[in-house]
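Novice: Each chain is listed here by its residues.
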Amino acid sequence: QQKVQQSPESLIVPEGAMTSLNCTFSDSASQYFAWYRQHSGKAPKALMSIFSNGEKEEGRFTIHLNKASLHFSLHIRDSQPSDSALYLCAVNTGNYKYVFGAGTRLKVIA
Amino acid sequence: EAAVTQSPRNKVAVTGGKVTLSCNQTNNHNNMYWYRQDTGHGLRLIHYSYGAGSTEKGDIPDGYKASRPSQENFSLILELATPSQTSVYFCASGEQENYAEQFFGPGTRLTVL
Chain Y
1 QQKVQQSPES LIVPEGAMTS LNCTFSDSAS QYFAWYRQHS GKAPKALMSI
51 FSNGEKEEGR FTIHLNKASL HFSLHIRDSQ PSDSALYLCA VNTGNYKYVF
101 GAGTRLKVIA
Chain Z
1 EAAVTQSPRN KVAVTGGKVT LSCNQTNNHN NMYWYRQDTG HGLRLIHYSY
51 GAGSTEKGDI PDGYKASRPS QENFSLILEL ATPSQTSVYF CASGEQENYA
101 EQFFGPGTRL TVL
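Same order as they appear, the protein sequences are chains Y and Z.
The first sequence begins at 1 in the working numbering and counts up one residue at a time.
The second sequence begins at 1 in the working numbering and counts up one residue at a time.
These are computed hints drawn from the structure, not numbers from a lab.
One or more hints might be untrue.
Stated by the list, open to error - Distance condition first, Cα-Cα at most 20 Å in a straight line; then the derived SDA-like pairs of lysine to any residue:
| no. | chain 1 | residue 1 | chain 2 | residue 2 |
| --- | --- | --- | --- | --- |
| 1 | Y | LYS42 | Z | THR5 |
| 2 | Y | LYS3 | Z | GLN96 |
| 3 | Z | LYS57 | Y | GLN1 |
| 4 | Y | LYS97 | Z | THR82 |
| 5 | Y | LYS56 | Z | GLU101 |
| 6 | Z | LYS57 | Z | GLN96 |
| 7 | Y | LYS45 | Z | ARG9 |
| 8 | Z | LYS18 | Z | THR82 |
| 9 | Y | LYS45 | Z | GLY63 |
| 10 | Y | LYS97 | Z | ARG9 |
| 11 | Z | LYS57 | Z | SER22 |
| 12 | Y | LYS107 | Y | GLN80 |
| 13 | Y | LYS97 | Z | LYS11 |
| 14 | Y | LYS45 | Z | GLU97 |
| 15 | Y | LYS45 | Z | LEU45 |
| 16 | Y | LYS42 | Z | GLY40 |
| 17 | Y | LYS42 | Z | ARG44 |
| 18 | Y | LYS3 | Z | ILE60 |
| 19 | Y | LYS45 | Y | GLN1 |
| 20 | Z | LYS57 | Y | LYS56 |
| 21 | Y | LYS97 | Z | TYR99 |
| 22 | Y | LYS45 | Z | LEU80 |
| 23 | Y | LYS67 | Y | SER20 |
| 24 | Y | LYS97 | Z | LYS18 |
| 25 | Y | LYS56 | Z | GLY17 |
| 26 | Y | LYS107 | Z | GLU101 |
| 27 | Z | LYS11 | Z | TYR99 |
| 28 | Y | LYS97 | Z | LEU80 |
| 29 | Y | LYS107 | Y | ILE12 |
| 30 | Z | LYS11 | Z | ASP59 |
| 31 | Y | LYS45 | Z | LYS65 |
| 32 | Y | LYS42 | Z | LYS18 |
| 33 | Y | LYS107 | Z | GLY40 |
| 34 | Y | LYS97 | Z | GLN71 |
| 35 | Y | LYS56 | Y | LYS3 |
| 36 | Y | LYS3 | Z | ARG44 |
| 37 | Y | LYS97 | Y | THR62 |
| 38 | Y | LYS45 | Z | PRO61 |
| 39 | Y | LYS42 | Z | PRO61 |
All figures in this text were calculated on a predicted structure; none of them were measured in a lab.
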């Protein structure tokens, strides 16, 4: 069964810093990799996704994927207090089902 | 944008009682999902559906049933609620594509006493 693990569990960074969040998965056949963001008391919402090895950038956010090392990451440039949230990584193996990590709680302090 | 609503938003139930959580989506998505979220576990899949009349077991289905009477509605049923089922429950919907984004409802906070 697919196992998805995130690190660190929590993170506090100053405003303007670069934030890096990590996700590892166990099934090498995994095909879809995504990050969801959940503000306190709210629903998770999709942030970014990637299908192939390499990186993808959208604004201040960048995803890196390395399938060989079973690892992908999310990097937030110029972190803002509004980025404070729970970040969930999600992995799909092609059967409409998603396995989510336990999350990284990010706090950005002004 | 996808619209997924859940009811009730908060529920207090007694041990052994029956609880029904409801979910409605207005985007004509084929797939719908029920998750529970607990600290340290993230989102765990309970049941999901590919369309009206279909339900499938997720990763943690024990103690839960699901019902998909129509494209728009998907219910989660706890026949005999237990305190271990105290959690926040999220419904989600998505297109029937392997890489489709999931759209989540606002969640239902369930407390079983």
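Novice: Quick one, are LYS3(Y) and ARG44(Z) close enough, alpha carbons at most 20 Å?
Specialist: With Cα atoms ~12 Å apart, LYS3(Y) and ARG44(Z) stay inside 20 Å; holds.
Novice: For the pair supplied as a hint, LYS97(Y) and THR82(Z), confirm whether the alpha-carbon distance does not exceed 20 Å.
Specialist: Violated, at roughly 26 Å.
Novice: Please verify whether LYS107(Y) and GLU101(Z) have alpha carbons no more than 20 Å apart.
Specialist: violated, 25 Å
Novice: Holds or violated: LYS97(Y) with GLN71(Z), Cα cutoff 20 Å?
Specialist: Holds, at about 18 Å.
Novice: Going straight from one Cα to the other, do LYS45(Y) and ARG9(Z) come out at no more than 20 Å?
Specialist: holds, 18 Å
Novice: Hinted pair, alpha-carbon criterion (20 Å max): LYS97(Y), ARG9(Z). Please report holds or violated.
Specialist: Violated, because 25 Å separates the two Cα atoms, which is more than 20 Å.
Novice: Between LYS57(Z) and GLN96(Z), is the straight-line Cα distance small enough, at 20 Å or below?
Specialist: Between LYS57(Z) and GLN96(Z) the Cα gap is close to 17 Å, so the pair holds against 20 Å.
Novice: For a C-alpha distance cap of 20 Å, please report whether LYS45(Y) and GLU97(Z) respect it.
Specialist: Holds, at about 18 Å.
Novice: Straight-line Cα separation of LYS56(Y) and LYS3(Y) no greater than 20 Å?
Specialist: violated, 24 Å
Novice: Regarding the pair LYS42(Y) and PRO61(Z), is the alpha-carbon distance no greater than 20 Å?
Specialist: violated, 24 Å
Novice: Would the hint linking LYS11(Z) and ASP59(Z) be met if the CA-CA limit is 20 Å?
Specialist: violated, 24 Å
Novice: Does the structure keep LYS107(Y) and GLN80(Y) at a Cα separation of 20 Å or less?
Specialist: holds, 9 Å
Hint violations for this structure: numbers 2, 4, 9, 10, 13, 19, 20, 22, 24, 25, 26, 27, 28, 30, 31, 32, 35, 37, 38, 39, all remaining hints satisfied.
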